[in-house]
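*Asks:* Listed below are the residues making up each chain.
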Amino acid sequence: MKFRITSPAGPGWLAALFLLLAGALTTATAKDLKFQAYLVWAANTDKSPDPRHKPVEEEVRRKLRELPLRWSNYFEVNRVTFVVPEGKSGTASLSEKCKIEVADVNGQHVEVSLIGKGEPVLKRTQPLAKGKMLVLGGDAPDSTGWLVVLKRTD
Amino acid sequence: MNAEQELKLQSFLDGELPEAEAREVAAWLARDADAKALHSELRHTRQALKQSEPNALLPESREFFWSKIQRDIARLEPTPAATPAVSPFRWLRRLLVPTGSLAALALAVLVAGGQFGWFSGRLAPATETAMANASTFTYHDEANGTTLVWVSFPAETEIAQPAAN
Numbered sequence: 001m002k003f004r005i006t007s008p009a010g011p012g013w014l015a016a017l018f019l020l021l022a023g024a025l026t027t028a029t030a031k032d033l034k035f036q037a038y039l040v041w042a043a044n045t046d047k048s049p050d051p052r053h054k055p056v057e058e059e060v061r062r063k064l065r066e067l068p069l070r071w072s073n074y075f076e077v078n079r080v081t082f083v084v085p086e087g088k089s090g091t092a093s094l095s096e097k098c099k100i101e102v103a104d105v106n107g108q109h110v111e112v113s114l115i116g117k118g119e120p121v122l123k124r125t126q127p128l129a130k131g132k133m134l135v136l137g138g139d140a141p142d143s144t145g146w147l148v149v150l151k152r153t154d
Numbered sequence: 155m156n157a158e159q160e161l162k163l164q165s166f167l168d169g170e171l172p173e174a175e176a177r178e179v180a181a182w183l184a185r186d187a188d189a190k191a192l193h194s195e196l197r198h199t200r201q202a203l204k205q206s207e208p209n210a211l212l213p214e215s216r217e218f219f220w221s222k223i224q225r226d227i228a229r230l231e232p233t234p235a236a237t238p239a240v241s242p243f244r245w246l247r248r249l250l251v252p253t254g255s256l257a258a259l260a261l262a263v264l265v266a267g268g269q270f271g272w273f274s275g276r277l278a279p280a281t282e283t284a285m286a287n288a289s290t291f292t293y294h295d296e297a298n299g300t301t302l303v304w305v306s307f308p309a310e311t312e313i314a315q316p317a318a319n
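Protein sequence lines correspond, in order, to chains A and B.
Using our numbering, the first residue of the first sequence is number 1, and each one after it goes up by one.
Using our numbering, the first residue of the second sequence is number 155, and each one after it goes up by one.
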């Protein structure tokens, strides 16, 4: 049997083949998840006692202000950028006492584990699309607070 | 009276003669008693035939009536053009091309949706597990795409306290 590429059905087959190849290539491309994690100290003072602390970047500050938190100022204590390979996990140490572990679950959810003083404090599994943020927080002495901000950048 | 004259009388009776000739025959009938008698006989014969002629009408049966309607309908309906025979391969190709294209498109949408997170917001809800001595509450800001999980934990534990404090 001889198939003619100029037959009316030819473009349809070619389009289907192209789409299949494109889908297969896209699937074959490993997709890593990129994150930025911030350790933030929340207070109502204008300045942090630690001169190394600086106000959080504008985008993070704006989103924190939209949350039901009672503080007016947020200071960035530490920032870590890390990558989670597809289907695997990555860890970011934000301080001596605090680190988070992020795992890719089926490419759709992330499992975020907060570890304080080496002990698991919280484990949360949720979708986290690009540009979205997950904020974990708690009270600190002197009516201040701590926040761990996890932002997916890609 | 010869045969030609008899035929002329018959034609006069049937109204087949031209006007001038009919006038001549009428004058001839007025003066010739034999001709008049023959004309009268012919007229009576004709009238007798007309009255005794049976007026037979064939009744239409129900089947014949409906068959006429069917024939009229068939005559008015356009006859379908003869379709050429389609080979099985051609038929299969006609079926598979659009089906395959749709399947490929759906697959591409699924793959792209998975890659770009189009469906990430429609998946299973989030799950959360906290330590035994900690409780949490969760707040989700849909507009900013931010989720807050607040851990009610003794502040003195300083699990994430900045070093400056």
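Mixed in with the good hints, there may be bad ones.
One side of the interface only, derived from the structure: several residues of chain B facing chain A at Cβ under 10 Å [what the hints assert, rightly or not]:
{"#": "1", "residue": "Ser-194"}
{"#": "2", "residue": "Phe-219"}
{"#": "3", "residue": "Glu-282"}
{"#": "4", "residue": "Tyr-293"}
No lab work stands behind these hints: they were computed from the structure.
Please read these numbers as outputs of a predicted model, since none were measured by experiment.
Here a beta-carbon is modelled for each residue, glycine too, at the ideal position from N, C-alpha and C.
*Asks:* With reference to the structure, classify each hint as holding or not holding.
*Replies:* Checked hints:
no., hint, result
1, Ser-194, "violated (89 Å)"
2, Phe-219, "violated (51 Å)"
3, Glu-282, "holds (5 Å)"
4, Tyr-293, "holds (6 Å)"
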